[in-house]
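So you can see what is in the structure, the chains are spelled out below.
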Amino acid sequence: MKTIITFLILFISSFGISQTKISGKVVDEKNNPIAGANIYIDGTYDGATSNEIGEFTFSTSEKGNKILVISFLTYETLKTTIEIETYQNKTFKLKESINTLDEVVINAGTFEAGDKAKNTVLKPLDIVTTAGSNGDIVSALQTLPGTQTVGESGRLFVRGGEADETQTYVDGIRVAQPFGSTTQNLPTRGRFSPFLFSGISFSTGGYSAEYGEALSSVLLLNTTDMATENKTDISFMTVGLGVANTQKWKKSSLTFNTAYIDLAPYQVAIPQNVDWNKAFQSLSGEIVYRYELERGLFKLYTAFDASRFDLNQESINSVVKTRVDLKNNNLYVNASYKGNFGSNWQLTTGLSYGLGNNKIGLDNQRIENTEHASHLKLKIKKPISDRIKLSFGADYFITKFDEKYSFITNQTGYNSNILAGYTEADIFFSKKLAMKVGVRAVNNDLLNETSISPRTSLAYKVSKSSQFSVAYGEFEQAPRQDYLKFTSDFKNERASHYILNYQFSKDKRTFRSEIYFKDYNDLVKYDTQIAQYNSNFNNNGFGFAKGLDIFWRDNKSIKNLEYWVSYSYIDTKRDYRNYEAEVTPSFVAKNNFSIVTKYWINDWKSSVGLSYSFNSGRPYDNPNEMSFMNGKTKSYNNVSMSWAYLLSQQKILFISISNVLGTQNVFGYDYANSPDSNGVFQRNEIIPTADRFFFVGFFWTISDNKKDNQLDNL
Amino acid sequence: MTKVITTLVVFLTTVLTVNAQQYEQGMGKAFATWKTGNATEASALFERIASVEKTNWLPNYYVALVNTTEAFNPANAKNATALINKAQTALDAAELISPNNAEILIMQAMINTALIVQDPMTNGMKLSAPTIELYERALKLAPENPRAVFGKADFEIGGAQYWGTDTKPMCEQVAKSIELFAKFKPETEFHPTWGLDRAQETLKNCGK
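Protein chains in written order, with numbering that gives the first Met the number 0: chain R, 0 to 713; chain G, 0 to 207.
Don't take every hint at face value.
[As the list claims (entries may be wrong)] For the chain R half of the interface with chain G, some residues (derived, Cβ under 8 Å), not all of them:
#1 Pro32
#2 Gly35
#3 Tyr39
#4 Asp41
#5 Tyr44
#6 Thr48
#7 Ser70
#8 Leu72
#9 Thr73
#10 Thr227
#11 Glu228
#12 Asn229
#13 Thr231
#14 Gly661
[As the list claims (entries may be wrong)] If you anchor each label on the Cβ, the simulated ranges turn out as follows:
#15 G:Lys175 x R:Lys94: 44 to 54 Å
#16 G:Asn99 x R:Thr257: 30 to 40 Å
#17 R:Lys89 x G:Val3: 26 to 36 Å
#18 R:Thr257 x G:Lys175: 34 to 44 Å
#19 G:Leu140 x R:Ala393: 38 to 48 Å
#20 G:Lys167 x R:Leu652: 41 to 51 Å
#21 R:Trp603 x G:Lys167: 21 to 31 Å
#22 G:Lys167 x R:Lys431: 48 to 58 Å
#23 R:Lys94 x G:Lys139: 42 to 52 Å
#24 R:Thr449 x G:Lys139: 51 to 61 Å
#25 G:Gln199 x R:Lys431: 45 to 55 Å
#26 R:Asn559 x G:Lys167: 22 to 32 Å
#27 G:Asn204 x R:Arg294: 43 to 53 Å
[As the list claims (entries may be wrong)] Partial list, computed: chain R residues near chain G (C-beta under 10 Å):
#28 Asn64
#29 Val68
#30 Leu93
#31 Ser96
#32 Ala689
If you are wondering where the hints come from, they were derived from the structure by calculation, not from laboratory data. C-beta: ideal position from N, C-alpha, C; glycine also.
So here's chain R without its partners, still in its complex pose:
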């Protein structure tokens, strides 16, 4: 008997008992059958693949409640509990996976340059291989629509906004002093070496509630997450020397990068429009340390920069030149942590400290100013589902600014604390329709003001390769340092953005067009020649900007040629500062056009770049005329060339010439404060520091992997 039982048990266990048939159908959201879906009972071999009409059938010996898994490549995996005994033929609907490339992207106002970004229009490489940009991130961004080329400044002017309406963030944390210090009409450049950043996102409006204290634009730079190998980069340039080294360990890596720039030898060789006593000299460097933790990544970014120059600046108001000498020391430290906790919560937090110190001499007078600026940030993100992502966070900005003069006893300055909180939701209604809604609340204790700024954007995909987006937002920013140091009796300046964007992107070709309207309110006005201690300030200024931005990029039509074309039309007027009326400010050209090309010549192992930019004339105020801001400069033209020659895999020779044709560009005019004996106000042209700029560099990479070079740094 026992043997029989044993036998039976063995028999049953080996061959199973009763088999249940499981069958059904798999369809997509439009009820079209899905062929090739994988259907199985989790933890068993029992399953099948759906046929041409989406149907499947298989047998199982399982009993009770089991999990049925249905997966297919581009769809969300469906897991559903079934009771085997009572299971009846069913139809299963799979949702298209949102995590695929062709989903809609909310991109009104934003240009992405990064390898992870889905709506990338530029690659990190492009930022730096653009002819004429000389490795300056900002000057490469000036080839994008929505920006103004303001040659005498070197900063970012976006859609009728002033340079200080753009805020820069590194790894989500503010950089208070993103540009080198300079004097009037002498262009500056960004402090950041493009080589440390893997992602750049440049928004010309309508950006997320995460970012504040910016009326026009935000520039988001993300440092590289992890170094890939140990290497050393050495650069010899006509303007200086540079060394960079990366060390990589199991969980951490360290990159340092330092450059010494001295323009003296260069300025001896090439005639200058500026009378230098001591050419621009700087020692700068950056250090990035990254440490991988169990569930996150810690990054420490430090940048220092010490620079000086000394020159005699011509002034229309005096026969003798004014001697200007400037010493600037800058330190920036940024520590951030990004990681996960709990179930899918994402935490980004960090703090930054920036110290900027300027010692300026104007003939015998001395001015010294110091700014301490900190930002504490906390951001939490939680995907509620694949379709809804919630984020919220807080910012705390602390700024302390002091300025001392040798010729006045009292000093000026201010302490400001800004506390801000925001919340935002990303909602994907489908693969075609997505929305972002957010709100930011800000309290500025110096201005004693609390304000609320709602922001929202919506994107709709009309076909596989094209989509529309709209964005609306309210933006606020405390008045600039130049005013706050005299009084804090201000309100925030404000702007509203309305943006409509259309993008078509297919097969390495991208077309993008955007129309926008911007409404400015509460801009600062004053009643003196320049803002000073006895000016009467108020917040009664206002203005608007509207325009069209067009961008076309094509990497496909011609083999080995990549190019992009930008065109911006802008109509803007504002009544602010000491303006007599609402007029177009002097930094705005109505028409901006640029084309950037890069051609790879295989036989020469060379990449040749050519770029051209054109601006129509910019307004200037001629006091000899009755009406205000009525003059217009001639148009601006600049053709630049660059040539990168790969001597070997790890040695590159790079040559670039800006303004090859030597066009005599005029940015504007400085008029005398008072008329001469004939009753005429005399003027000086504001022109570039040199007509052409030549750059020759030799870059050498030493690494284990012989394939590496610095091409992406140029």
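Let chain R serve as the given structure and place chain G on it in line with the hints.
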């Protein structure tokens, strides 16, 4: 008592053998399906085996291999990204089961190569160095693994041809890998053995 114990032992071994049999049958069927060219079905079969064999890295490894191989096929250009993603997810699962596994590192290098082929301008710059490093790590763990030797040499040949530098050292490595293929003994019949035909193909064109 003895009988009960015997019965239990027999029972348990039977269950285990049945499971092992199922595994062998399942893997056998999946390989046979793949051979007939039905990659979707083969991938589905490996996926189902993976759902049972939670401590075995091989089924997930093959999900990755099947989908990566498919991604290289120009006919699948439209779905390449989805295929690569699927391969990556499966390989991540395999690596959790078996960390520091040379075969998995080699597979990761293959996925990287597929990404480079997809978008050479963006991914070439970014992934070249990490890919070489993956092969080097694999070689450290298994110096005699023919796929690691061949994979690295094959990856380097592309660059060398472009620069006009000598491909001879790489070709020697390819030849060496062919010898290693002959000597290579997989742990079980289902452990990876692929690559010999590709190595022979590469050697045929080597130095030309």
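Output the numbers, in ascending order, of every earlier hint that fails for this structure.
1, 12, 13, 14, 17, 20, 28, 30, 32
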